[in-house]
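J.: Let the hints inform the model, and build the full structure from the sequences given.
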Amino acid sequence: MGQRITTFASMTRLMAIGLTATTGGCINVSAPDKPIEINLNISVTQEVVYRLDGEAKSLIQQNPGIF
117 MGQRITTFAS MTRLMAIGLT ATTGGCINVS APDKPIEINL NISVTQEVVY RLDGEAKSLI
177 QQNPGIF
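Per the working numbering, the very first residue in the sequence shown carries number 117; after that it's consecutive.
There could be a bad hint or two in this list.
What the hints assert, rightly or not - Computed spacing ranges between beta-carbons, pair by pair:
id : residue 1 : residue 2 : range
1  : THR123    : ASN155    : 35 to 45 Å
2  : PRO151    : SER126    : 41 to 51 Å
3  : PRO151    : THR128    : 24 to 34 Å
4  : ALA147    : ARG167    : 51 to 61 Å
Keep in mind the hints are simulated off the structure, nothing from the lab.
These numbers were taken from a predicted model, which means no experiment stands behind them.
Even for Gly, the Cβ is constructed at its ideal location relative to N, Cα and C.
T.: Rendered as C-alpha cells:
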C-alpha cells in the first residue's frame, strides 16, 4: 500500500510539472505600443467667505489709500 501512495504522489508531481511546462509558453508580457492615457475630469469650485472686523472696516473706509 505504501508504494502505491508513493507512485500516485510521483505521478501527480510529474503531471503538475508537465502541465506547468506546457502552459509556460502561453503567457506573454509586453509593454503597450502607445502610452497609457488617463483622463481625469475634475471640477473644483471654491467659495471664499470673508468677514471683516468692524474696527478694521472703519479704518479702511477712513484711509482708502492704505491698500
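J.: Look at the Cβ atoms of PRO151 and SER126 and judge whether their distance stays inside 41 to 51 Å.
T.: Since PRO151 and SER126 have Cβ atoms about 50 Å apart, the given range 41 to 51 Å holds.
J.: Looking only at beta-carbon atoms, does the pair PRO151, THR128 fall within the given range of 24 to 34 Å?
T.: Violated: the Cβ-Cβ distance is about 46 Å, outside 24 to 34 Å.
J.: Return holds or violated for the Cβ distance of ALA147 and ARG167 against the range 51 to 61 Å.
T.: Because 56 Å falls inside the window, the suggested range holds.
J.: THR123 and ASN155, beta-carbon distance inside 35 to 45 Å?
T.: Given about 59 Å between the Cβ atoms, the range is violated.
When held up to the earlier numbered hints, the structure conflicts with 1, 3 and fits the remainder.
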